[in-house]
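Trainee: What follows is each chain in one-letter form.
Protein chains: 2
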Amino acid sequence: MTGATSPSVVEVRVEYKPGVLDPEASSIEKSLGLLGIPEVSHVGTARIYRLEFSGVSQVEAERLAARAVDRLLANPVIHRVTITASPPP
Amino acid sequence: MTGATSPSVVEVRVEYKPGVLDPEASSIEKSLGLLGIPEVSHVGTARIYRLEFSGVSQVEAERLAARAVDRLLANPVIHRVTITASPPP
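Residue numbers (this note's numbering), protein chains in the order written: chain R, 1 to 89; chain H, 101 to 189.
As a list, the in silico DSS-like pairs of lysine-lysine whose alpha-carbon atoms are at most 30 Å apart:
id: 1; chain 1: H; residue 1: K130; chain 2: R; residue 2: K17
id: 2; chain 1: R; residue 1: K30; chain 2: H; residue 2: K117
id: 3; chain 1: H; residue 1: K117; chain 2: R; residue 2: K17
id: 4; chain 1: R; residue 1: K17; chain 2: R; residue 2: K30
id: 5; chain 1: H; residue 1: K130; chain 2: H; residue 2: K117
Hints were generated in silico from the structure; no laboratory data involved.
Only chain R is shown next, with the shape it has when bound in the complex (with noise of 0.2 Å):
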């Protein structure tokens, strides 16, 4: 690796295992229905992390923010992960 590399992006997709409450989701949908937009039968959120790595190849980077995934990023007992090697900028 040299420093002229660019780096490494891997993009941590959280979001709420199917029956564990989103109150946030649930918001929406009822203010969606009250601004005029009650077409919206459900609404989902989640969380998109970012991840750029200095200095490491792409396998490395995808091994660390499973890590990261692991130790601060998500809770197994409530979400379901998503890691997306390379995204789009």
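Use these hints to put chain H onto chain R, whose structure you have.
Mentor: Structure of chain H alone, referenced to chain R:
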């Protein structure tokens, strides 16, 4: 449209414009360093809203999603918004 059609789905991605302070991302960057993952050089966050519409076409769903963004989901001063029609499940 009949009741048997599957819902039209639109995903809205809301992230901060470049230069807007993202305190959650800064906190994650710092925490990952403390947790032994200092290879992360930059973190960005985004919010995904998955909107399911019933009884409207995909084109109409996209139009309504854009209205939901304007009325509720994003602040054009600080947010950049990407709307994706028919995202993967």
